[in-house]
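Peer 1: Chains as they are written, first to last, in this note's numbering: chain A, 1 to 264; chain B, 1 to 264; chain C, 1 to 264; chain D, 1 to 264.
These aren't lab readings, by the way, just hints derived from the structure by calculation. Computed from a prediction, not measured in an experiment: that's the story for all the values here. Some hints here could point you the wrong way.
Since the list gives no way to pick out one identical chain from another, each pair is judged satisfied if it fits inside one copy or across any two copies.
[Stated by the list, open to error] Simulated pairs of lysine to aspartate or glutamate, EDC-like, Cα-Cα distance not exceeding 16 Å: (1) Lys68 to Glu202; (2) Lys210 to Glu227; (3) Lys5 to Glu177; (4) Lys220 to Glu202; (5) Lys68 to Glu236; (6) Lys142 to Asp154.
Okay, here's what each chain looks like letter by letter:
4 protein chains.
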Amino acid sequence: MTIIKVFEKPKLNNPLLIEGLPGVGNIGRVAVGYMIEELKAKKFAHLYSEHFFPFVMLHENYQIHLLKNEFYYWKAKRPGQRDLILLVGDCQSLSPNGHYEVIEKILDFVQELGVKEIFTIGGIATGEVEDTPKTLGAVTDKELLAKYKRFNIDFTAGKKVGYIVGAAGLLVGLGKERGMKGVTLLGETSGFPIVTDPKAAEVVLNTITKILGLRIGMGKLEQRVKEMESFIKKVEALQRKALTQMGKDDRAPVKEEEQLRYIG
Amino acid sequence: MTIIKVFEKPKLNNPLLIEGLPGVGNIGRVAVGYMIEELKAKKFAHLYSEHFFPFVMLHENYQIHLLKNEFYYWKAKRPGQRDLILLVGDCQSLSPNGHYEVIEKILDFVQELGVKEIFTIGGIATGEVEDTPKTLGAVTDKELLAKYKRFNIDFTAGKKVGYIVGAAGLLVGLGKERGMKGVTLLGETSGFPIVTDPKAAEVVLNTITKILGLRIGMGKLEQRVKEMESFIKKVEALQRKALTQMGKDDRAPVKEEEQLRYIG
Amino acid sequence: MTIIKVFEKPKLNNPLLIEGLPGVGNIGRVAVGYMIEELKAKKFAHLYSEHFFPFVMLHENYQIHLLKNEFYYWKAKRPGQRDLILLVGDCQSLSPNGHYEVIEKILDFVQELGVKEIFTIGGIATGEVEDTPKTLGAVTDKELLAKYKRFNIDFTAGKKVGYIVGAAGLLVGLGKERGMKGVTLLGETSGFPIVTDPKAAEVVLNTITKILGLRIGMGKLEQRVKEMESFIKKVEALQRKALTQMGKDDRAPVKEEEQLRYIG
Amino acid sequence: MTIIKVFEKPKLNNPLLIEGLPGVGNIGRVAVGYMIEELKAKKFAHLYSEHFFPFVMLHENYQIHLLKNEFYYWKAKRPGQRDLILLVGDCQSLSPNGHYEVIEKILDFVQELGVKEIFTIGGIATGEVEDTPKTLGAVTDKELLAKYKRFNIDFTAGKKVGYIVGAAGLLVGLGKERGMKGVTLLGETSGFPIVTDPKAAEVVLNTITKILGLRIGMGKLEQRVKEMESFIKKVEALQRKALTQMGKDDRAPVKEEEQLRYIG
C-alpha cells in the first residue's frame, strides 16, 4: 500500500525531478525545501505508504498529520531554465524493501509526467568538520560527468563513501533502468550529531541553482533552516522514541543518532 | 490476508465510528467496551489478520479463540443522537506495515456503511500520576476544534506527546485522506505499569458520551473494568510471553512493559 | 509464494484432517508420523513456502531436500472409522504472518477435499517432569466438549498455558471461521531440552486412536521415535545454526533451545 | 518487486544453467565469473529486486550502480559441449522469503529459455585449512550420482554440513519441483575470514569444466581473482557497514564476518 494522491495535473515541459528527502545532515531536505519556498513552487500531489512509521504527528499541538512525501511543481520563467518537479517529505521508508517499493511508485508517477532526468540531493558523512565543504557528485552515465564537471562538483564520491542508501541513490539507480539520466549531489558534512548542516546545504544549493539557471538569494536560508530544523528535529525525535518503544531499537543513544543518518 | 466477516448488514443513518482498541492504559478498550455493554450494541462483523500474533487463546480453559477486532452497531434512540459503529478488539497489528493494512481495510469497510466521521479513543502517557486526569484531543480539521472545544477537551496534546501510534492515530490520519473528519480523544494516564487506568477511562467516557448525547451511568464501570482487565491482562501477558519465546523480545521486564504501551 | 503440489486426487468420504507438525516436544510430529507408518497412509500432496527457512537439507549425505509439509490420506477400513488426511512436515513458518498464510493455504486445500473437522496435535510445556502425562484438550465449540470428554481428555488446558502458537492453534482457529469443527490435543511434557518426548506422544496417540476407532499397536513406537528423532534433531540443529548465521538469533544456547519450542 | 530486464533473446539448444552468486569463500562467484571471462560469454539479461540491499554502489568513484544479478549465455562450439546460461551477481537476497521469491523468478525465466538442468556452485566451510581441497557434491536425483561420480566429486557433503543456504541450494531444490535436474558443487574451504578462496575455486573450476567439456586455462585465474576480489570485498564491506547503520546488525566484528559467509 503506497498511495499517491494527485490534487492537480500540471502540464510540464520536459520536467526535471529534484529530490530532497530527509537523510544525512538533512541537506537534501533543507536545500529542496528552500528552493520550494523561494520559487513559490506549487504542491500538486502527495504520497503515503505502509512502509512509513505507523504513527501520525500532531501539528500545532492539536492537528493530526499523516507522514507524507510531497510533490511540487515549478514552471520555467526564462530561457535556460527547466520545468521542475520537487520532491520533499517527512520521512523515508522504514524497511529495506519499502525503499524499493516507494521509489518505484515515485518513478511510475513522474515518468507519466514526462520526467527523463533526475537530480537527487543528499549528504555524505566524512567524519570530519569541514571548513569549506564541497559538493560531491555521482552520475548514472559517463557523459554526464563531462556535462556537469564545470559546476565545480567533485566526482570522487566513491573514494569517500562507496555507496548511497535510500532515495538519493535508488531514485537514480532505478531511474536508469527506465532510461532516465540521473545525478546525485552530496554535500560534505561531518555526520556528527548535529541534525541539520546549513553550511553544507548552502554549498549544494549553490551548485544546483547554478545548474538549473535559477536566481535564489541565500539571505533567508539561515532563518528557514532554523524553522525547518525544529520540525525535522521533532520528526527524528519521535521516530527515535517510537523505534525504542516498538522494541526495534534498544541501542545506546549514540548509535541511535547514527541510525538516523544512514540515508544519503 | 486481513479478512472481515460480516454477520449482519445493518442499515445505518450517517453513522459515526468510535474506535477503542488496546493501547496505553487500555483507555479506549475499556471506554468503548463499556459503551457497548451499556448501550447493548449488537455485534455485526469481526476482523482477523495475518498481522496479528500467530496464536489462538484459550477461553474458559478449553475454548479456542482466534485474535480479532469486532464491530458493533447501535441505532440512535432520540433526537441529538447518532447511529454508531463501535470497534473494539483483542489486539492491534504486530508489524509496522500491518497497522496501515489493517486500518485501510477497516476504513474500506466503514466507508461502505456510510461513515464520514471518526472518533478514536486512546491514552496519553504523561509519566506522572494525575489526580484529575483530563481528556486531551486532536483533530483532522481546524473547524472541528471550535466544534468540540466546549466539551472541555484540552487541545494541547501535541505539547505533551507529539505523535499517536497505531489505530488511534492512523484511523483518523488515513480517514482524512478519504474526506472523513476525525477526532482523537486521549485520556491522561501515568503510563506506569498498571495495565488499565479506570479513572482516565471514566474521564474520556464522560467526554464522549456528552458529545454523543448518550445517557450512560458510570455505576457499573468499576466492576466492568475489573472483568475486562482480567482478560486484557491475560492477552498482554501471553503476547509478552510469545514475543520472548519467538525471540523478538529479549529485553528486560521493565522494557517489555513499555513495549505494550506504545500504542496510543 | 506458498505452493501445494498434488500427486493424486483421492476421493474421500467426509475426511478428518489430523495435523502433526514439529513443535513442543515434537509430540504431534511423532504421533502423526507413527500413524502414517502404521496405517500405511499414502502421500498425495506436498507444500513448500517462502515462509520456510531459505535452505535445502542434504539427505543421505548427497540428496537435496527442499523443506516441506506433506499430506497423506487413509481410507476407512471398517464401521466406526473415518477417512483421514494426515499432515506432517519438516518445519513451520519462520515469520509470524507466514503462519497465517501457510495455514489459510492448507485450509483452502483440505476444504476442497471435503474436510469439515480438524484434529491438531501438539505439546504443552508444563515445566515439570510428568510421570503420568495427560492429554489436554481444547475445542472450537462447546458441544465438542461433551462429545470428547469420555476419551479421558483433560479440558483445562487454558489454566496451564492460555495460548497455542502456530499450526496446532491457528488451523482450528482459522478453520472455525470456515465453519469447521476443531479439536486440539496437547500432550503434557516438561519442555526441558529433550527434543522429543515419546512418553507424551504415546499418551496422545492412545487418545487419538481411540477417538478414531483405529487399532494401532504401540510396539514399534520406541524404535520409530528414535528414527524420527535423529531427523528432527538434525532439522532443529540446522535451523538453529542457520538462525545464528543469518544474524537473527544471537542469544545464548539455552534461549535458543527455548525458541525451538515455542510452537504448540 | 523482482524485475528481469532482457537485452537480447538468445536461441539456445537445451541450455544448462550454471549459478555462481556470492557466498562462502565466494567460490561460485569467482568460478563462474572466470568462466564468463574466459569463454567470452555474452550478457543478455539482468535482475534487480526489492529483496536486495536498498543502496546503490559507486563504481570508479562516480558511477551509480544498482545491485544486480546478471545472466550470460554461451553457445557450444564443439561436440560434447552444451549451450550455457551463466548466472553471477553482486549479492543475494537480504530477507529469508526474498530468497524464495528471487529464485522462483530466476527459474520462471530460465525455464522459458529451455533449461532442464542446473549446476550451482558454492563453498562449504569446513573450519579447517585444506591443503588439497575437494569438490563436494549433492544432487536432486539418485541417478545423477552415478552419472557424475566419475568426475572425482565427493558425494558426502551431507556429512560435513547438512544444509545449503540461499541460491546454491534453493535453485536446485525449487528447480526439482519443476522437473529440473540439479547438481550442487561445493568447494571445501576453511571459512576463515579470508573473503575469497582461489584454491578452492580452482578445484571446483576443474571439476565443472571437465563435466562441461570446456578447455579453460587456469593461467589467468590468480590475476582475475585479485581483480574480482577487490570488488567483492567492497560490496561485502558496504553491506556490513549498511547493516550496522540500519540497526540490523550490532554484533561484534567476528560475528559479522560469519554473517557474510552463511550462504553456500
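Peer 1: When no copy is specified for lysine 68 and glutamate 236, does a C-alpha distance of 16 Å or less occur within a copy, between copies, both, or neither?
Peer 2: Classified as within: same-chain Cα gap 14 Å, cross-chain 32 Å, threshold 16 Å.
Peer 1: Taking 16 Å as the upper bound on the Cα-Cα distance, should lysine 5 and glutamate 177 be classified as within, between, both, or neither?
Peer 2: Classified as between: cross-chain Cα gap 8 Å, same-chain 25 Å, threshold 16 Å.
Peer 1: Could you figure out if lysine 142 and aspartate 154 sit no more than 16 Å apart (CA to CA) within one copy, between two copies, both or neither?
Peer 2: Classified as within: same-chain Cα gap 14 Å, cross-chain 48 Å, threshold 16 Å.
Peer 1: Given a CA cutoff of 16 Å, do lysine 68 and glutamate 202 count as a within-copy pair, a between-copy pair, both, or neither?
Peer 2: Neither: 25 Å inside a copy, 35 Å across copies.
Peer 1: What label fits lysine 210 with glutamate 227 when the C-alpha limit is 16 Å: within, between, both, or neither?
Peer 2: neither (25 Å within a copy, 39 Å between copies)
Peer 1: At most 16 Å between alpha carbons: which applies to lysine 220 and glutamate 202, within, between, both or neither?
Peer 2: Intra 11 Å, inter 50 Å, cutoff 16 Å: intra-copy only.
Violated hints, in rising order: 1 and 2; the structure is consistent with all others.
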